[in-house]
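Since the structure of chain A is already known, use the hints to place chain B on it.
2 protein chains.
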Amino acid sequence: MKIAVDAMGGDNAPEALVKGGILARDEYKVNIVLSGKENEIKKILEKSTSDFRNIEILNAEEVISNEDKPVMAIRRKKDSSLVKALNAVKNKEADAVVSAGSTGALLAGATLVVGRINGIERPAIGALIPNMDGGFALLIDSGANVDSKPEFLYDFAIMGDIYLKKVMNIASPRIALANIGSEKTKGDKLTVETYDILESTHLPLNFIGNIEAREILQGKADIIVCDGFVGNMILKTLEGTVLEIMKGLKNELMSSTRAKIGGLLIKPALYSFKGKFDYSEHGGAPILGVKETVIKAHGSSDEKAVKNAIRQAVICIENKVNDLIEESIMRR
Amino acid sequence: MKIAVDAMGGDNAPEALVKGGILARDEYKVNIVLSGKENEIKKILEKSTSDFRNIEILNAEEVISNEDKPVMAIRRKKDSSLVKALNAVKNKEADAVVSAGSTGALLAGATLVVGRINGIERPAIGALIPNMDGGFALLIDSGANVDSKPEFLYDFAIMGDIYLKKVMNIASPRIALANIGSEKTKGDKLTVETYDILESTHLPLNFIGNIEAREILQGKADIIVCDGFVGNMILKTLEGTVLEIMKGLKNELMSSTRAKIGGLLIKPALYSFKGKFDYSEHGGAPILGVKETVIKAHGSSDEKAVKNAIRQAVICIENKVNDLIEESIMRR
Chain A
3 MKIAVDAMGG DNAPEALVKG GILARDEYKV NIVLSGKENE IKKILEKSTS DFRNIEILNA
63 EEVISNEDKP VMAIRRKKDS SLVKALNAVK NKEADAVVSA GSTGALLAGA TLVVGRINGI
123 ERPAIGALIP NMDGGFALLI DSGANVDSKP EFLYDFAIMG DIYLKKVMNI ASPRIALANI
183 GSEKTKGDKL TVETYDILES THLPLNFIGN IEAREILQGK ADIIVCDGFV GNMILKTLEG
243 TVLEIMKGLK NELMSSTRAK IGGLLIKPAL YSFKGKFDYS EHGGAPILGV KETVIKAHGS
303 SDEKAVKNAI RQAVICIENK VNDLIEESIM RR
Chain B
3 MKIAVDAMGG DNAPEALVKG GILARDEYKV NIVLSGKENE IKKILEKSTS DFRNIEILNA
63 EEVISNEDKP VMAIRRKKDS SLVKALNAVK NKEADAVVSA GSTGALLAGA TLVVGRINGI
123 ERPAIGALIP NMDGGFALLI DSGANVDSKP EFLYDFAIMG DIYLKKVMNI ASPRIALANI
183 GSEKTKGDKL TVETYDILES THLPLNFIGN IEAREILQGK ADIIVCDGFV GNMILKTLEG
243 TVLEIMKGLK NELMSSTRAK IGGLLIKPAL YSFKGKFDYS EHGGAPILGV KETVIKAHGS
303 SDEKAVKNAI RQAVICIENK VNDLIEESIM RR
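Top line first, the protein sequences correspond to chains A and B.
The opening position of the first sequence corresponds to residue 3 in the working numbering, with each subsequent residue numbered one higher.
The opening position of the second sequence corresponds to residue 3 in the working numbering, with each subsequent residue numbered one higher.
Treat the hints with care, since some could be wrong.
[Said to hold, decoys possible] Straight line, CA to CA, 20 Å or less: simulated SDA-like cross-link-like pairs of lysine to any residue:
| # | chain 1 | residue 1 | chain 2 | residue 2 |
| --- | --- | --- | --- | --- |
| 1 | B | Lys-252 | A | Arg-216 |
| 2 | A | Lys-276 | A | Phe-138 |
| 3 | B | Lys-252 | A | Ile-247 |
| 4 | A | Lys-249 | B | Lys-276 |
| 5 | A | Lys-249 | B | Pro-132 |
| 6 | B | Lys-167 | B | Pro-206 |
| 7 | A | Lys-186 | B | Lys-167 |
[Said to hold, decoys possible] Now the in silico label distances, taken between C-beta atoms and shown as ranges:
| # | chain 1 | residue 1 | chain 2 | residue 2 | range |
| --- | --- | --- | --- | --- | --- |
| 8 | B | Gly-211 | A | Lys-92 | 49 to 55 Å |
| 9 | A | Ser-52 | B | Thr-259 | 21 to 27 Å |
| 10 | B | Ser-184 | A | Lys-44 | 35 to 41 Å |
| 11 | B | Ser-174 | A | Ile-210 | 42 to 48 Å |
| 12 | A | Pro-270 | B | Asp-13 | 35 to 41 Å |
| 13 | A | Met-256 | B | Asp-13 | 31 to 37 Å |
| 14 | B | Lys-92 | A | Lys-252 | 48 to 54 Å |
| 15 | B | Asp-198 | A | Lys-151 | 22 to 28 Å |
| 16 | A | Asp-198 | B | Glu-95 | 43 to 49 Å |
| 17 | B | Lys-45 | A | Ser-258 | 42 to 48 Å |
| 18 | B | Lys-92 | A | Lys-222 | 37 to 43 Å |
| 19 | A | Val-73 | B | Ser-302 | 45 to 51 Å |
No lab work stands behind these hints, which were simulated from the structure alone.
C-beta atoms are modelled at their ideal positions from N, C-alpha and C, and glycine is treated no differently.
Bound conformation, chain A alone (with noise of 0.2 Å):
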């Protein structure tokens, strides 16, 4: 099996995608392609390991960035590192592509290099969003379609179930729409509709209903379908929310002597704490719709969370998600 890794695009790039890679090649005997400038992955390889075997570099010279336009950048940079992992796949040549760089260039890269699933018209991405239990669900899609249909909130439902089956080991997600209540007649157009839906499908989903936006952090559900417009805004206001608290929190805990010594007593239990919201554990987001097994790792990952987006990618070809989504997809 053979894993290709964009070692350019993520904040840590490339030392942390190079640093995953000797790891993930380690720890799950497979192979790595590091996609990217030969010159500075060769230096950081040197550098890490001593042991090259099974790693293999495939030179790029451009870089796609986050102020690049993501269809666009697909199409004109032909020689940068996330291209030339997505034809790598695209080419049976490696088996699936993990990137920490720009969200929407890995989209339209899958959907214009890697291509859509028969059947499928929208492929999705799907955010592990972790919980107080140390639990996590998947948030489905979260930010890849705008002005969804409820067909399509029905696709991601159907390949979310199969992900979390597969690759996360969940015997029976329960499977919640994203809703302003808790009744079948509540919410917009687009979720009334997909809520029929799902309640009448002849496929095994075990659909439980709608889930408010509060209840998100309290595991009621594995998996939370939603147009990718509202997924963007429950990803986006939790991340500014945990991110501003534990900042206003720091700033609280300088303000006096006394806070000034409570905090460093409770410093370990505010790491422990801080770390049931990582989300290097879980791996990275999948991007479910496309041919072949596409991850998007979190942009700040390090070394442990490249490994693990590896590990997503490795677990995905092995239990040929893709196909069981193709199967699925014709049944519907």
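Chain B alone, transformed into the frame defined by chain A:
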């Protein structure tokens, strides 16, 4: 000036409503009409004050709860504290309504009993979101309308602008559109079209472009305009995250002796921090776009929060907010 208070709505009704009414009477020199069960209200009044001037009771034997279907409750429960308070305003026997009860019922009642301002198709609810700098932003619409059209969001911006100028004394409120990216072309059909309208309006609106959900607590905008489905997701995700973090932090601080001692030391700092997210300071959420002043106080309002919600109503009336909205809507 006479403010009708729905004395039976909210988690702490009727006590907090009655006591808040007394406080407001004393501080703002207004008349208070307490709508609800006369016996219960009388008992609290007698316990709380020896001065009954400028306070009257409007007897109502029914109560509308959060479980009632809003429109049906307004139509059928004619003898409820809420409907009676709304009718008092409609019949010019009072100048404003303040309620801490069901948001849905208050919205339905504001529209059905009081009626919309000429030219306003959709009244909206504006929630005040406190931010880390001690300021706040008005999130409008925070849940009254789903499937909004761009014209509705334009009206939300106009109404929010007048409200912040007149009630919150902000000279030139920065208006932002909640969106999934900062560029003009980002978003769904609704936000792209609304952006165009807000950018090219001849009204003196200080439109500053898109705001991402991640930035909402950073105090970058004074007004955040969005569809009610989206606004509800933002508001509830924010509330849920703050709540779960505080709960989780508390547990963590009980996890060891060391943490417990540290916890005691940081208690004052923690309270000061929590105070920043205190809804009661800023009062309630105005329902904008209806003919009379209607303020929704937070469900968990204590007497101070009720008093502040009444203050908001007073300022709205004194500054003729509804007249100004009608004028602006005619000129848009």
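Going through the hints against the structure:
no.	hint	in the structure
1	Lys-252/B - Arg-216/A	holds (19 Å)
2	Lys-276/A - Phe-138/A	holds (15 Å)
3	Lys-252/B - Ile-247/A	holds (14 Å)
4	Lys-249/A - Lys-276/B	holds (13 Å)
5	Lys-249/A - Pro-132/B	holds (15 Å)
6	Lys-167/B - Pro-206/B	holds (12 Å)
7	Lys-186/A - Lys-167/B	violated (39 Å)
8	Gly-211/B - Lys-92/A: 49 to 55 Å	violated (37 Å)
9	Ser-52/A - Thr-259/B: 21 to 27 Å	violated (47 Å)
10	Ser-184/B - Lys-44/A: 35 to 41 Å	holds (37 Å)
11	Ser-174/B - Ile-210/A: 42 to 48 Å	holds (47 Å)
12	Pro-270/A - Asp-13/B: 35 to 41 Å	holds (36 Å)
13	Met-256/A - Asp-13/B: 31 to 37 Å	holds (35 Å)
14	Lys-92/B - Lys-252/A: 48 to 54 Å	holds (51 Å)
15	Asp-198/B - Lys-151/A: 22 to 28 Å	holds (24 Å)
16	Asp-198/A - Glu-95/B: 43 to 49 Å	holds (45 Å)
17	Lys-45/B - Ser-258/A: 42 to 48 Å	holds (44 Å)
18	Lys-92/B - Lys-222/A: 37 to 43 Å	holds (41 Å)
19	Val-73/A - Ser-302/B: 45 to 51 Å	holds (47 Å)
Hints 7, 8, 9 from the earlier list are contradicted by this structure; the remaining hints agree with it.
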